[in-house]
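There are 2 protein chains.
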Amino acid sequence: MFFKLKTITLLLIGTAAVATAARAAEPIQPIKPVQSINLAQVELGKKLYFDPRLSKSGFISCNSCHNLSMGGTDNLKTSIGDHWQQGPINAPTVLNSSLNVAQFWDGRAADLKAQAGGPIANPGEMGFTHQLAVSVLASIPEYVVEFKQVFGDDSIDIDKVTVAIAEFEKTLVTPNSRFDRWLLGDKDALTPNELAGYDLFKNSGCIACHNGEAVGGNSFQKMGVMEPYQAKSPAEGLSAVTGKDADRFKFKVPTLRNVAMTYPYFHDGEAETLTEAVDIMGRLQLGKQFSEQENAQIVAFLKTLTGDQPSFLLPILPPSTDRTPPPKPFG
Amino acid sequence: MFFKLKTITLLLIGTAAVATAARAAEPIQPIKPVQSINLAQVELGKKLYFDPRLSKSGFISCNSCHNLSMGGTDNLKTSIGDHWQQGPINAPTVLNSSLNVAQFWDGRAADLKAQAGGPIANPGEMGFTHQLAVSVLASIPEYVVEFKQVFGDDSIDIDKVTVAIAEFEKTLVTPNSRFDRWLLGDKDALTPNELAGYDLFKNSGCIACHNGEAVGGNSFQKMGVMEPYQAKSPAEGLSAVTGKDADRFKFKVPTLRNVAMTYPYFHDGEAETLTEAVDIMGRLQLGKQFSEQENAQIVAFLKTLTGDQPSFLLPILPPSTDRTPPPKPFG
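Chains as they are written, first to last, in numbering that gives the first Met the number 0: chain A, 0 to 330; chain B, 0 to 330.
Isolated chain A (complex conformation) (with noise of 0.2 Å):
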């Protein structure tokens, strides 16, 4: 009996070492569940996400450009602003975006918090000011009394709306996909079509950008390695932040999670699908023409990509007061 215990003992410990050997070789590692939040900010914080009185208008919000229900953007090649105002740049996902390294394509904002003030301030996207939504949000007693209870003080600012929104952000991540269900050792959750995609994507050097817990997110790289990318947009990435002229059109890698929810692609959104994607940058920054095999397989491993999405309850919105600044849609 007590031999039987040590194999079995031993055998566990064996096949310990094996799996995290397993995870411990693949550049890839699966997406954490959310590990320590503060849930009286997360639940002001998607509150004050779906709050379309942040803006100008009263009629776009956070959830407007980086919408919950798809793929946490909005599958416009570039947004729609106030006053229906062109973006100059595809919407990123807000979907694991704390993974990120810095957020927005050209790294400006160090971190979520830094990057939510961004948009409610813009004259192209919300076109309000911090000072503004400040002032509509203190006029709402439901809002005064739950951010007195999550901050403990009577004032509301955009610090602490920031830091709320970011708060909910952090819990949008997406865990449970079937390539993570691989690495965690269900060897029966990718098909084989799927994994030689995999393969390819790792050989073929995608995985030299794309890798880490996101999937990419976590570094700058140049758009146009071995032949210039014919960019439409005016967006020159990096360089708009460092000065640098070396940093021209590099962008931050962009996180494949849910990438076929995420569509279209580029900085520009102007790849329309998946297979346009791979084969553009296959030959821009790899130099690689991938058959329409290999980039039917790449593709099939990129679908396996798609997590849980975050499932909450719509938030109800507190409603305004005689008191509340009226929004100016068309002022």
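In case anyone wonders, no lab produced these hints; they're calculated from the structure. It is possible that part of the hints are untrue.
Since the list gives no way to pick out one identical chain from another, each pair is judged satisfied if it fits inside one copy or across any two copies.
The calculated lysine-lysine pairs, modelled on DSSO-like cross-linking and capped at a C-alpha distance of 27 Å, are [said to hold, decoys possible]:
#	residue 1	residue 2
1	Lys112	Lys201
2	Lys46	Lys112
3	Lys186	Lys243
4	Lys302	Lys46
5	Lys112	Lys159
6	Lys327	Lys201
7	Lys302	Lys221
8	Lys327	Lys302
9	Lys287	Lys231
10	Lys327	Lys231
11	Lys147	Lys302
12	Lys147	Lys231
13	Lys243	Lys327
14	Lys159	Lys327
15	Lys31	Lys243
The hints should help you fit chain B onto chain A, whose structure is shown.
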């Protein structure tokens, strides 16, 4: 023992009779929970309600203007349509709209199903066509499967789309307001001030039009009975449907359920606050100038009509495919 039981029985019958009499005597009835519903249609309809791909731009869904986070409306004077067009009329709440005698302010749609197709094909709203909307849905395998599961055949058409949306909308009732709890016998549910407001509401004549389960929604009445309404909006109401001059400026009486959430008020959205709306209604419809206290009491009563808002998980929409016609937000 037998005698005692009989007494209790008689007492119970007596109480029930009194409660029934009290309810029957009131001109407003509590909202009934949804009785018979096709749950599969509801789940499909919920997705469609939130799907901006039913619009030309891929940006506007039913929920954009009938926002279920915001009392089933957009809280704007008039709505924003395709290319930021300014709508001609205030978006009525979708909450409890199943209780309306007809749909739209001018009643031009007989029911929710007939209504649901309107905005999709309205050039000033979602700016699409029924044919194109159906072709988008038909290109998405998950929708094809779900339509087949729900309706039992392989085709998707606008009839099925609007049946499903309407079935979802039937679930959007808001029972359990404090006023309904009072109607159902909880005499502590209202304050004396709110009850005074209800008495004024009845005794001043508001109740003549705002009655029944929805506190309105069951008749068409002229806007401006005792004195003409100075409308800025070109909308002329029922006459646009009947062609009768006598129906000019007759509009469907709006429901007052959740009226604290459905600001601004009137078909043109020109009344920003309940105080203003009560004042104007009193003067124009009833020839009454409510005192400040009377107005405040009526407003206090109206705020008791906020019921339980529909509570459901934000739907996750199936992604488009390579075959899906892309949206045209700027075309």
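Problem - Intra/inter-copy verdict for Lys287 and Lys231 if alpha-carbon distance must be at most 27 Å - result: Result: close within a single copy only, 23 Å intra versus 63 Å inter.
Practice task
Have a look at Lys302 and Lys46 and pick one of within, between, both or neither, based on CA distance no larger than 27 Å.
Solution key: between (31 Å within a copy, 22 Å between copies)
Problem - Up to 27 Å CA-CA - Lys112 versus Lys46, copy category - result: Within one copy only: 16 Å inside a chain, 30 Å across chains, cut-off 27 Å.
Handout entry: Alpha-carbon proximity context of Lys112 and Lys201, limit 27 Å
Key = Neither way: Lys112 and Lys201 sit 33 Å apart in one copy and 51 Å across, limit 27 Å.
Exercise for the section: Evaluate Lys31 and Lys243 at a C-alpha cut-off of 27 Å and name the case that applies: within, between, both or neither. Expected result: neither (35 Å within a copy, 66 Å between copies)
Practice task
Tell me, please, which holds for Lys327 and Lys302 at an alpha-carbon limit of 27 Å: within, between, both or neither?
Solution key: between (42 Å within a copy, 25 Å between copies)
Problem - Same-copy or cross-copy closeness of Lys159 to Lys327 [CA-CA at most 27 Å] - result: within (24 Å within a copy, 37 Å between copies)
Exercise for the section: Pop the pair Lys186 and Lys243 into one bin, within, between, both or neither, using alpha-carbon distances up to 27 Å. Expected result: Neither: 46 Å inside a chain and 72 Å across chains, both beyond 27 Å.
Exercise for the section: Please work out whether the CA atoms of Lys327 and Lys231 approach to 27 Å or closer within one copy, between two copies, in both situations, or in neither? Expected result: between (32 Å within a copy, 17 Å between copies)
Practice task
Have a look at Lys147 and Lys302 and pick one of within, between, both or neither, based on CA distance no larger than 27 Å.
Solution key: For Lys147 and Lys302, the Cα distance is within 27 Å only across copies (24 Å; inside one copy 43 Å).
Handout entry: Intra- versus inter-subunit Cα pairing at 27 Å for Lys302 with Lys221
Key = Within one copy, since 25 Å is at most 27 Å while 57 Å is not.
Handout entry: Copy assignment of Lys147 with Lys231, given that the CA separation must stay at most 27 Å
Key = neither (47 Å within a copy, 41 Å between copies)
Hint check: violations occur at hints 1, 3, 6, 12, 13 and 15; the rest are consistent with the structure.
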